[in-house]
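These protein sequence lines are chains A and B, in that order. So the first sequence is residues 1 to 290, counted in my numbering. So the second sequence is residues 1 to 182, counted in my numbering.
No lab work stands behind these hints: they were computed from the structure. Owing to the predicted nature of the structure, the values given are computational and were not obtained by experimental measurement. Check the hints yourself; a few may be wrong.
[Unchecked claim] Each computed BS3-like pair below joins lysine-lysine, with the alpha-carbon atoms no more than 25 Å apart:
(1) A:K17 - B:K103
(2) A:K284 - A:K239
(3) A:K239 - A:K125
(4) A:K239 - B:K13
(5) A:K125 - A:K104
(6) B:K11 - A:K17
(7) B:K103 - B:K13
(8) A:K239 - A:K261
(9) A:K94 - A:K125
Below, each chain spelled out in residue letters.
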Amino acid sequence: MKRRRRRKRIEFEFNPKYLWIFCIVFCAALMFLSYRFPERFSGVKTVVGNVITPMQRGINSVGRGISNRLQAFQSVKKLQAENEALRLENDGLKVKNQQLTQEKRELDGLRQLYELDAKYIDYEKVAARIIASDTNNWFYSFIVDKGTQDGIAVGMNVLAGSGLVGIISEAGDNWARVRSIIDDNSNVSGMSMDTQDTCIVSGDLKLMKEQGVIRVEMISMDAAFRDDVEVVTSHISDKYLQGILIGYIRDIEVDFSNMTKTAYLIPAVDFEHLDEVLIVTELKDAYDFD
Amino acid sequence: MPTISTRITGKDKTLIRFLMITIQLIVCFLLQSTVMPAISMAGVVPDLLLILVITVAYTRGRVGGMLTGLAAGLLTDICFNEMVGLCALFYLCIGYLAGYSHKVYEERDYLFPMLMIAVGEFLYSFAYYVAYFLLRSRTELGYYFVHLILPRIVYTVLAAALLYPAFHWMHRFLVRVVDKED
Chain A
1 MKRRRRRKRI EFEFNPKYLW IFCIVFCAAL MFLSYRFPER FSGVKTVVGN
51 VITPMQRGIN SVGRGISNRL QAFQSVKKLQ AENEALRLEN DGLKVKNQQL
101 TQEKRELDGL RQLYELDAKY IDYEKVAARI IASDTNNWFY SFIVDKGTQD
151 GIAVGMNVLA GSGLVGIISE AGDNWARVRS IIDDNSNVSG MSMDTQDTCI
201 VSGDLKLMKE QGVIRVEMIS MDAAFRDDVE VVTSHISDKY LQGILIGYIR
251 DIEVDFSNMT KTAYLIPAVD FEHLDEVLIV TELKDAYDFD
Chain B
1 MPTISTRITG KDKTLIRFLM ITIQLIVCFL LQSTVMPAIS MAGVVPDLLL
51 ILVITVAYTR GRVGGMLTGL AAGLLTDICF NEMVGLCALF YLCIGYLAGY
101 SHKVYEERDY LFPMLMIAVG EFLYSFAYYV AYFLLRSRTE LGYYFVHLIL
151 PRIVYTVLAA ALLYPAFHWM HRFLVRVVDK ED
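Isolated chain B, as found in the complex (with noise of 0.2 Å):
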């Protein structure tokens, strides 16, 4: 047994899965905005956010999935939208749902996270296509489901092919560091 002055409260456990999380949420918002716009297809770019996102639900479960969510669409809405709270909203009760796939979580499953990706990137791109297009009468949903929230989708998948493992290892690596002596 370590003795008590070595010992990681449960404190310091929230506070560094914060600091980590917060970390993951900063560089995937500066990625998404300044590199993927360079590397964009069929002009639209990856949501990097729902990624990190859908993982942290997926991984830690609804408190974890809808503050990081609360977060990163904070974040989105200061720096780009005028009304602030929209973006947040979405990706609030996205993390949140999408954290009830914590009880069936499983180390070695990446399928199933992916198609909650794929699920979680749809309801975000419908809910915005709806509050910002439809609401100002743009009612060609097919155009905008086949040209934007469809290669959204796809990239978006895509993409998590390659980040999921990369915040899943870094969460497994959290896990063994910090959270060992409970």
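Same shape as in the complex, but just chain A (with noise of 0.2 Å):
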């Protein structure tokens, strides 16, 4: 027992050095084996995920908790007009949506006639709820608390509302991590709504932070792209699903290199105020085979 325990006091005190070095070796082999092989990684993300997420899940459900509690607070007559604003629209909606119901009956029936596929999908959505986001504020990626067991798979799109968040980026048994399309790592290929002009929609951290916006690239010079057009995702994507809003474009000019266009584009989704997103539980390669 004696002789153990010094053994292993000297092996504590003896050498941090070394100890250090032999760590910066573990990191760098860690780096690179889970660079090479992400998939071998999977199992160990899905483990500690797995642990994780159940407490980011209750934390958030107090703090949820909270804020309603709070909310109920907010004075009554807010609440009222804000009531009524919103009966006022949703008579406005409903009369709307009765006429696109009848228009889309319509665009059935001349479908079929002409034995067209629909163009859009209604996609199969699962709702998921936000929990936790990335503890750098380098990046926008950020867990949602539906994992493999909801059938979530690597590669399904995220929305919101009705825009754009992002892609599934690694799932595990009860989470899943999404990179949104703001993310300064994300590109996405998009094309212009009404003359399907394609272009890139590639995240960009600084103009995130300083003008809300992000990037867009890619626009041939012939495109017919004008300000507030609606940028959807295109059909060339291998990952996105065709036709997701992504957002509207703004400030279309020509290249440095005068052979295409660079413009910004107003994200359709609000990020800062993001709680529930949609999940599409449809992947694009079985889309394409379909």
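Two chains, two frames, a set of hints: combine them into the complex.
Right, dumping it as structure tokens:
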């Protein structure tokens, strides 16, 4: 017993430097391995995520409870006014919906006549809550509370409201990580809604922080892009389903090279106040072979 | 003298410390990823993990600092990064270097650890910028420094003003309860 203790003490007090060097090598090895064989690491990530996520979910539900309490104190007047406005809007929407439903029915009929596939399928969606966000401030990814058990898989598109939020980049049993389109690493192939000219929408931390916009690149010189044109995910993207709204074009400029144009894009989703998202449980590949 | 049976052995001490630091680490990580984004200022959240790493390094020395750093970094990497090991490497080195300050550890000195936390956060953010942004030719260092690194340092030091005394109290408590029989 005594001897063992002594040996341990020597080991611990003697060589912090060697331990340090060993840890550096260990980290370097991990970096290399996780970069080279990411699929080997997904198991470890899943296990850790499965342990951490329930705790994050718990904290979140407590936080949400508190903020709900606080919101209950909001003045009744304000809520009434809002209710009134919403009711009016609802009436308008009802009428509009009626019209659209009729038109859709007509369109379906015509499509059937022409034997065309429906262009925009009603995708199956799963609602999920955001339970944690990246602890560094350099990238914009977050964790949601649905995982492979709920049918989520890597590569599924994530929406909020009517706009594109991002894509599932990792999935555990009961959690999944979403990389958003405003993340500095993100590139999405987009196209203009009316003319179908393609472009690349890439996330940009600096622009997002400064002006709340992201970058649009590779617009061809003869493309008929205008300000406020809606950009949707394109037909040539291999990850994103076609026709999901990304945002609105702003400030088109001709590039240095004089070969392409660049522009800014205001995302359709309000990333500052994102709480719940919808995950489309359909992958682009499957869609392609349908 | 207490009898053999009631004594806490060296192994137990290590285990108790290990457990306490692990709990603190997990609490910090959970707070940082869930609560902090809700109270972020200027779009940044304070780096609670770094505060813990520096505190442990300052109160325990290089070994404690680097092992805490390694664990904190691995946790961050595994949960949020595709490449595992880079944050771990940064925290590891910061913990190790900060561990040298254990030699001048002074119980009532609160200013020095704050300074170390500021410097540590700068090193961490800067290294992160170089690794993930500069190498992808995002070269506007001035912009990123003013809008990300600096606010993060300020916010982290503010959070440390609250957290460091808490961690430090925990450390003294452990020393009182566990180490007194040395």
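Results of checking the hints against the structure:
1. A:K17 - B:K103: Measuring from Cα to Cα gives roughly 16 Å; hence the hint holds.
2. A:K284 - A:K239: Cα-Cα ~6 Å, so holds.
3. A:K239 - A:K125: Given pair A:K239, A:K125 holds - Cα atoms ~16 Å apart, limit 25 Å.
4. A:K239 - B:K13: violated, 52 Å
5. A:K125 - A:K104: Holds, because 21 Å separates the two Cα atoms, which is no more than 25 Å.
6. B:K11 - A:K17: holds, 22 Å
7. B:K103 - B:K13: holds, 21 Å
8. A:K239 - A:K261: holds, 24 Å
9. A:K94 - A:K125: holds, 23 Å
Hint 4 from the earlier list is the only one contradicted by this structure; the remaining hints agree with it.
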